[in-house]
Amino acid sequence: MHDADDKPGNGSDHWLTRPGTIRKLWIGFVVVLASTVLLQSVIKIKGYFGIDSLFGFGAIYGFGCCVLMVISAKALGVLLKRPEDYFDD
Amino acid sequence: MTELVLPPALILLAGAALVALTRGPLRNLVLLVSPLLTLWAIWQVGDGVVMTGSFLGYDIEPVEGSAVRRLFATVFALMALVGGLFAYRQARVYELACAYAYAAGAVGVAFAGDLITLFLYWELMAIFSTALVWCGGGPEARAAGIRYAIMHLLGGVILKVGIEGIVVHTGSVDITPMLAGNFDSWMVLIGILINAAAPPVSAWLADAYPASSPTGSVFLSAFTTKSAVLALILLFPGESVLIWIGLYMIFYGIIYALLENDARRILAYSVVNQVGFMVCAVGIGTETALNGAAAHAFAHIFYKALLFMSAGVVIYRTGKTRCSDLGGLFRTMPVTTVCGIIGALAISSFPFTSGFTTKTLISVAAETEGLALVYFLLMAASAGVFLHAGIKFPWFVFFQKDSGMRPKDAPWNMAAAMVICAGVCIGIGVFPEPFWALLPYPVSYDAYAPGKVLFYLQLLLFSGLAFFLLLPWMRRTLTLTLDTDWLWRVAGAKTAAGVFRLGALVVLRLAIAGEFLRSRIPALTAMLSSTGSLGSTWQIGTTALWIVILLTGYVALYFL
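These protein sequence lines are chains H and R, in that order. Counting from 1, one number per residue, gives the positions in the first sequence under the numbering used here. Counting from 1001, one number per residue, gives the positions in the second sequence under the numbering used here.
Calculated lysine to aspartate or glutamate pairs in the EDC-like style (CA-CA distance at most 20 angstroms, straight line): (1) H:Lys-44 with R:Asp-1446; (2) R:Lys-1494 with H:Asp-85; (3) H:Lys-74 with R:Asp-1483; (4) H:Lys-74 with R:Asp-1262; (5) R:Lys-1320 with H:Asp-85; (6) H:Lys-81 with R:Asp-1485; (7) R:Lys-1494 with H:Asp-88; (8) H:Lys-81 with R:Asp-1325.
Covered stretches of chain R (chain H as the covering partner; in silico rule of three or more C-beta atoms under 8 angstroms from a C-beta of chain H): (9) 1444 to 1454; (10) 1474 to 1487.
Please keep in mind that the hints were generated in silico from the structure rather than gathered at the bench. Note that beta-carbon positions come from the ideal geometry of N, C-alpha and C, so glycine has one too.
For reference, chain H alone in the conformation it holds in the complex:
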């Protein structure tokens, strides 16, 4: 799950940072993601308020909420972010 930030040839030849490994990790991650959703057809998720027992609800809700939170943080950041030395006299 390491992205391209880890520049190869930067003195880092750790196997975890190789592009091939990162590609495999992404594939593995996607397989796990898909299986958590697909497993719901075998394992019943008990919904407490109706909507939360829908197929893949946890996945969509988790993803959607995170996107929303990152966007809200970004928007607030425009208003509230200041240089690090803001409080220094």
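Take the given structure of chain H and dock chain R to it, following the hints.
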């Protein structure tokens, strides 16, 4: 069990004093034995009031036992022990002594049977935690420590006002459940909430904790906010305003942590976030909810300490704390990396970690009460915790990019403390039943129903996907984020400076006026002297003439 010899808090306090006085191996022995003795004493405390006394004419109860009090006291003493192990070779003597005295205050609060005892230990914590912030060293820690002290002394005064009111109006100093219905109880609630880092003053936590030393923040993360949670459990269970205060804290912590660049400040914001879960649970107030609040506090102290430990090791080894300066440390710090990840998974309530078993108790309580909105907000928050702490912290500190640094892994004592905490995180996650026996109310709840595990896996793993897809948006910037502390650090300071300038101006003007008058003194004296225009005697004819004029004027005015 009324033949109790010593209050547990005093054992730890004596230990703190001995830490300051002893040297070498003897001090190490004190660091090890005093929390163990305290733990032993904690488990000798039976249910109910086991010690009474008299203070300023009031009947006080310095030690009162119950399941939830023992649970909190236990985790406080354990944290002193593990924190002591983590810090004893790296921290300075007075830092260790302060940390133990601070822990003693927390243990004292846990067993306080009356409001006066509670207040005394409350202030003990304020004093020694301030000293612990100062142990960070440097002007930044000194300034942050002063702000921290002002905030907590203010909180203490508000709490004291409430306590005085309750004593005057009810005549009782007992700690009994109440609701925030009148001025007195509101003051008590506000005083406690300040220590819980509730809005609008949550900023004190992210201001002070990252200013402390790499070892100090481990202790700071454990005691103040969690003793406030216990005080809320004892005094305000079911006070519904706490649900919304808690939810605010939860999302405040997530948003601010997402914007933050400093690794320890990310963790500080996530303390507010996690305490928000507990405050919300106390607001729900059912047996399951209070179990959840207590259990989550216990689990939280360990995983949060673990996270602060891993951040502390990184700072100790690299001297750097900004995410933008860190990265790629997994290569040479495998133990710290793995322990940091375990802490991060536990805080994110990942299945088979302590956070999963304890946090789901809180959401079950919301669900049982039919609080749909609260339930869905808690679910969203669980996703958000994984986002801001579960992945963001380990990713930016240990992976991300290659910072080029190849620091050594943790010293053995720090590594041992981290492994113990990681063990507790996984232990409570995998075998929750023995832990549930310690909770205040009976637990009949299967945390590992397959459907529930699957739901959480979907929720959390897709949050992880969101993190990696939105990574370009999360690039660290060399910024801080304004908070309500702007009001007292900038607006307050400017207002004070303005008032001071105005005052100085007025004083200056008065001085000038005074100087002017003084320069006129010879002229005034001359005017009033026997030869001056005002002081000389008049002739009788002139005087009579003036009397006639004035009387005529008076008569004329009277008849008009």
